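Visitor: Please model the complete structure; the sequences and the hints are all you need to start from.
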Amino acid sequence: MLKSEHKVWVYLLYKVGEFFSCFLPSSLAYWVAKRLADLCFLIPIGKYRSYKKAVVHNVCLVLGKDKKDPLVRKTALGVYRNFAKYLREFLWLPGLDQNRCFGMVTPLGVENLDCALSEKKGVILLSIHFGNWEWGGLSLALSGYKVNFLVRPHENRRTDRLFNHIREKKRIKVIPLTRLKEGIKVLKRNEILAILADENLEQTMKAKLFSQEVDIPSGPFRLARRTKAVITPAFIVRNRWDGRQRGIVEAPLEVKKGESEEKDLQEAVNSFIQIVEDYLRYYPDHWLLLEPKGEFKK
13 MLKSEHKVWV
23 YLLYKVGEFF
33 SCFLPSSLAY
43 WVAKRLADLC
53 FLIPIGKYRS
63 YKKAVVHNVC
73 LVLGKDKKDP
83 LVRKTALGVY
93 RNFAKYLREF
103 LWLPGLDQNR
113 CFGMVTPLGV
123 ENLDCALSEK
133 KGVILLSIHF
143 GNWEWGGLSL
153 ALSGYKVNFL
163 VRPHENRRTD
173 RLFNHIREKK
183 RIKVIPLTRL
193 KEGIKVLKRN
203 EILAILADEN
213 LEQTMKAKLF
223 SQEVDIPSGP
233 FRLARRTKAV
243 ITPAFIVRNR
253 WDGRQRGIVE
263 APLEVKKGES
273 EEKDLQEAVN
283 SFIQIVEDYL
293 RYYPDHWLLL
303 EPKGEFKK
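Residue numbers (this note's numbering): 13 to 310.
It is worth saying that the hints were derived from the structure and are not from the lab.
Among the clues, some could well be false.
[Claimed, not checked] With a straight-line cut-off of 30 Å between C-alpha atoms, the simulated DSSO-like cross-links for lysine-lysine are:
hint	residue 1	residue 2
1	Lys181	Lys193
2	Lys197	Lys218
3	Lys27	Lys65
4	Lys79	Lys220
5	Lys197	Lys133
6	Lys200	Lys182
7	Lys86	Lys200
8	Lys79	Lys133
9	Lys132	Lys19
10	Lys218	Lys133
11	Lys65	Lys220
12	Lys79	Lys97
13	Lys59	Lys86
[As the list claims (entries may be wrong)] Here are the simulated distance ranges between beta carbons:
hint	residue 1	residue 2	range
14	Ser223	Trp21	21 to 31 Å
15	Asn202	Phe31	33 to 43 Å
16	Arg293	Tyr60	39 to 49 Å
Just so we're clear, the structure is a prediction, and the values are computed from it rather than from any experiment.
Heads up, the beta-carbon is just placed ideally off N, CA and C, and yes, glycines get one too.
Guide: Structure, rendered in structure tokens:
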């Protein structure tokens, strides 16, 4: 009963957040989001302690420092603030038109995406919980690309319906992880399937991230090899000064289909992780993964 009531309250908080995100002046909405982030960081309660632990774990991995280092604390707080900005911006989507979106997000590297789509095998747009990944997909959808998100459903069904409704109103089709066959169909139609590679650790491969051996989900790479889809890494970066963002599509990654499947997959995983490492090195506070069960584990 208590758990059910908690889920209702969480859903209602998101609805309140959606209202204020759309109707408060933007500068005030961001200010409120940052102050709430500060509060959650300084006074973590219940399961939010595990969220903070996951953030600190990731920051230590990226910076190569102990969790007591002042820079780790500063960067972890930056992660919380950026997550709050992301959440505010996501809940703001219902009030965001195309012109306003392109005023805040600039798509870069779309020629890489066009090159991948020209293969007619479908494209796996692969990223991690980095920056406002939702707006990255939105900018492509509003540019005319057929974008599908492969997502892990929220445990809270009301929240899950709310989030998916917001996405679908902006031309983004949502495919639950439990319906992977639909994802294969969109690839066969030469559409884009966006996947986050730092969750769903049921099937993994080892890779070196900042000289530490970690578990990396192998699912997206196995899917690419099976369907012959092209993987294009993509990330969205926030300008620290004015809040404008750049959605960057990197050059396609090749998943070979030689005699050794594991060797082919390992090469593709290593190539992707090298790109991830470059982004994390310059933007460590952009890694917005709060779920402890999704962290890259040493």
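Visitor: Hints first: check each against the structure and report whether it holds.
Guide: Outcome of the hint check:
{"no.": "1", "hint": "Lys181 <-> Lys193", "in the structure": "holds (23 Å)"}
{"no.": "2", "hint": "Lys197 <-> Lys218", "in the structure": "holds (29 Å)"}
{"no.": "3", "hint": "Lys27 <-> Lys65", "in the structure": "holds (27 Å)"}
{"no.": "4", "hint": "Lys79 <-> Lys220", "in the structure": "holds (20 Å)"}
{"no.": "5", "hint": "Lys197 <-> Lys133", "in the structure": "holds (11 Å)"}
{"no.": "6", "hint": "Lys200 <-> Lys182", "in the structure": "holds (23 Å)"}
{"no.": "7", "hint": "Lys86 <-> Lys200", "in the structure": "violated (45 Å)"}
{"no.": "8", "hint": "Lys79 <-> Lys133", "in the structure": "violated (44 Å)"}
{"no.": "9", "hint": "Lys132 <-> Lys19", "in the structure": "violated (42 Å)"}
{"no.": "10", "hint": "Lys218 <-> Lys133", "in the structure": "holds (27 Å)"}
{"no.": "11", "hint": "Lys65 <-> Lys220", "in the structure": "holds (21 Å)"}
{"no.": "12", "hint": "Lys79 <-> Lys97", "in the structure": "holds (24 Å)"}
{"no.": "13", "hint": "Lys59 <-> Lys86", "in the structure": "holds (21 Å)"}
{"no.": "14", "hint": "Ser223 <-> Trp21: 21 to 31 Å", "in the structure": "violated (43 Å)"}
{"no.": "15", "hint": "Asn202 <-> Phe31: 33 to 43 Å", "in the structure": "holds (39 Å)"}
{"no.": "16", "hint": "Arg293 <-> Tyr60: 39 to 49 Å", "in the structure": "violated (28 Å)"}
Comparing the model with each numbered hint stated earlier shows that hints 7, 8, 9, 14, 16 do not hold.
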